[in-house]
Structure formats: C-alpha cells, structure tokens
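*Asks:* Sequence:
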Amino acid sequence: MDDTAMSPTAGTTELHSVLAFDGDCGFCQAAVRQMQFRARPRTKAVAWQTLPPELTQAHLERLDREVLLFDGGQVRCGGAPALAGFLSSSPSRRYRLIGRCLRLPPISLAAHAIYRTVAMNRHRMPGGTAACALPRNTS
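Residue 958 is where the sequence shown starts when you use this note's numbering, and the numbers rise one by one after that.
If you are wondering where the hints come from, they were derived from the structure by calculation, not from laboratory data.
Please note: incorrect hints may appear among the correct ones.
Distance windows between CB atoms, simulated [to be verified]: (1) A1087 x R1051: 17 to 27 Å; (2) H973 x R1050: 18 to 28 Å; (3) R1033 x A1067: 19 to 29 Å.
Even glycine gets a Cβ: it sits at the ideal position worked out from N, Cα and C.
Taking the hints into account, I'd like the entire structure generated from these sequences.
*Replies:* So, in structure tokens, the structure goes:
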C-alpha cells in the first residue's frame, strides 16, 4: 500500500469519514495498513498529526490515547468502536460483519478490553518504539 492512502487530501476539513490514528506510532501505522490491505475500507485512515488543527485541537488528549472516527468534522467514536466503524465501511461482507459483531455485547466489552490493553502496551508491540508509549496520567 502506498503512503498516499494514509495522507490527507485537499479539503480535509470536509472529509466525511476519517479514522485518525497516531502517525508517530509505528505499531499504529502497521495495524492500520494491515486493516487497509485486508478490508479495503471506504473510510480514509489519516495520521491525526496531518489533519487540520481546527479538527483535532479539541481532541488532542484522546488522539494521544486512541484512534478516533470523525464524521463530518465531529468525533463519532473512539477506540474499539472506531475500528469497528472503520471495518464496517469495507466493501467485503466478511469485514462488514466483523465490524458489526465488534459492536455487539459481550463482544464489544471484550473488544474494548483488548483495545485498552493493546493501547497501553503499544510500545511493546511489533513495530512499537518508546515514542509509541502513551503519556502517563498526571491526575
């Protein structure tokens, strides 16, 4: 997959559906590329650092911790539900079904727990580096 598939296009403030991921995290980049390669979702995946500040500014803390699915310039969901939405935009029936299943209890509860565990340990995952580590909570 070429890098243009993961870069913003002209008029990014008008993108209808965008999965924003951490472009500084090697693990996140690799995971998104795998999903794009396999599912070929219609939703664009874009490193949040390349999106316009007016879209991301209010969500920086969340963007450091989880993927966010933007729709019409608004956050629709984050984390596992965002990945479910991303997969649900696939032309493949199999991946649309996976996306739907990830939203159903008790699968959604398991998906949330797995997402949180992976996110907290992404610097330890293949392709991860110290730059992938989540910021510590200061509260």
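*Asks:* Does each hint fit the structure? Answer for all of them.
*Replies:* Results for each hint:
Look at A1087 against R1051: about 36 Å separates their beta carbons, and that is not inside 17 to 27 Å. Evaluation of the 18 to 28 Å hint for H973 and R1050 yields a pass: the beta carbon distance comes to about 22 Å. Evaluation of the 19 to 29 Å hint for R1033 and A1067 yields a pass: the beta carbon distance comes to about 21 Å.
Violated hint: 1 only; the structure is consistent with all others.
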